[in-house]
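Make the full structure from the sequences, and use the hints.
Count along the sequence shown from 1, then add 31; that gives the number in my numbering.
Some hints could be false.
As the list claims (entries may be wrong) - Pairs of lysine-lysine residues, derived as DSS-like cross-links and limited to a Cα-Cα distance of at most 25 angstroms, are as follows:
id	residue 1	residue 2
1	Lys247	Lys294
2	Lys82	Lys110
3	Lys387	Lys371
4	Lys308	Lys325
To be verified - Label pairs and their calculated CB-CB ranges:
id	residue 1	residue 2	range
5	Thr156	Ser239	19 to 27 angstroms
6	Val388	Gly356	24 to 32 angstroms
7	Glu242	Gly281	53 to 61 angstroms
8	Asp395	Ile243	46 to 54 angstroms
9	Asp395	Gln185	37 to 45 angstroms
10	Gln307	Ser359	19 to 27 angstroms
11	Tyr270	Thr65	35 to 43 angstroms
These are computed hints drawn from the structure, not numbers from a lab.
Treat the numbers as computed from the prediction; the structure is a model and nothing was measured.
Built from N, CA and C at the ideal position, the CB exists for glycine as well.
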Amino acid sequence: MSIYDDLVSILFKLPDGRSLEEYYKNILLVGKITTEDLQDEVTFPEAMVKKYADYDEVITDFKPTSQFALEANAIFSQKNNTQTTSQVMYVIVAKQQDSETLSVALDRAKDFDGRFAKVVPVSRTAEDIKAVADWCLTNDRFCDFVITDTEDVQAIVSNNYAYALFRKNATEPLASAVASTSTCGYFGGKDGSAQFTQLSGILPETYSGSEISEMKSANIAFYTNVSPIDGGQTDDFGYNWVIGSKMLGGELRQRQMIMHYIKKSMGLMALEFFNQKPVYDETGNNLLLTLAQKRFRSFQEYNLVIQDSKDKKGYDLKVVPIRTGSNSIMNTDVEAYNAKKFKLSGYYYDAIVGEKVDFLFYVDPTDEQINEILGEE
Numbered sequence: 032m033s034i035y036d037d038l039v040s041i042l043f044k045l046p047d048g049r050s051l052e053e054y055y056k057n058i059l060l061v062g063k064i065t066t067e068d069l070q071d072e073v074t075f076p077e078a079m080v081k082k083y084a085d086y087d088e089v090i091t092d093f094k095p096t097s098q099f100a101l102e103a104n105a106i107f108s109q110k111n112n113t114q115t116t117s118q119v120m121y122v123i124v125a126k127q128q129d130s131e132t133l134s135v136a137l138d139r140a141k142d143f144d145g146r147f148a149k150v151v152p153v154s155r156t157a158e159d160i161k162a163v164a165d166w167c168l169t170n171d172r173f174c175d176f177v178i179t180d181t182e183d184v185q186a187i188v189s190n191n192y193a194y195a196l197f198r199k200n201a202t203e204p205l206a207s208a209v210a211s212t213s214t215c216g217y218f219g220g221k222d223g224s225a226q227f228t229q230l231s232g233i234l235p236e237t238y239s240g241s242e243i244s245e246m247k248s249a250n251i252a253f254y255t256n257v258s259p260i261d262g263g264q265t266d267d268f269g270y271n272w273v274i275g276s277k278m279l280g281g282e283l284r285q286r287q288m289i290m291h292y293i294k295k296s297m298g299l300m301a302l303e304f305f306n307q308k309p310v311y312d313e314t315g316n317n318l319l320l321t322l323a324q325k326r327f328r329s330f331q332e333y334n335l336v337i338q339d340s341k342d343k344k345g346y347d348l349k350v351v352p353i354r355t356g357s358n359s360i361m362n363t364d365v366e367a368y369n370a371k372k373f374k375l376s377g378y379y380y381d382a383i384v385g386e387k388v389d390f391l392f393y394v395d396p397t398d399e400q401i402n403e404i405l406g407e408e
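Written as structure tokens, this is what we have:
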């Protein structure tokens, strides 16, 4: 055994599955920080990034009136954060310096700690929102943001990683509150879609029929009271709900999160698989199938994939034989065989709308794919 073998072994030592859960439980806030935001005699770290475990930590640095404090308070105060399976772990604050773009600030935050799946821009300007949404699309993250004008999303209408929420009051931390309700333990459940979610500390707004129609047609969500009775003083007959289940690009927000989670989780499975140095034969195939089945059982536990029933299986997995039979990799995919790639095929039924999703994995990540799995450049 060489020193190189030891190094590779160390590089591929992976934390257990909870690391991926944390990835979905952390939220990044990004924007410019001024002296007016910070408490007296507080200086933001030179790294321009800092993590906070609760609101009390936030207001040690930020004044309660700062937009960063308002956003953080909304994140930590949502009801689901009383449940250990779904609570937010950290709010990460990234400072954008006056002389740099938001993408530079976001890159720096990712290099500092890339364990965040959701980004909320503090700014409400269309240019800043587009910059953050574009970065999230490129970097495989989700962007939740508030707009005060429906025209502000015209430049990013096809983005299926961007979730827009309308608010007349520009300081309301509506997007942060919604981001907080869709952590790993919840985005496969009813709260994960955002639609019909009830928020703590956020008051509903009233909209005209034409305003609602405009927002729905543009896939823009909003927070309002839904009641069978119109008029003043009728809120008690209804519920305050987030209305709007789609990303700007038209895909269901919940389904996008499920697909994203499964992709990331299967990427981690591939690393775990190769960390065990599998032999390129049916023994390796059986190990791959065992690891994949374990992952998909966890997807069912999280309500990402439907449960098995007498009439329908939630998922089905098969490894393609390597050398045996006419359908083996050796006989049907010479390029994959020469590269010693394993192949895993199957399907699953999405727990949200029950649609069948077919897939085929070539399990042999290149260096570039490993970096993508880990969220690195």
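Of the numbered hints stated previously, which ones are contradicted by the structure, given in increasing order?
1, 3, 7
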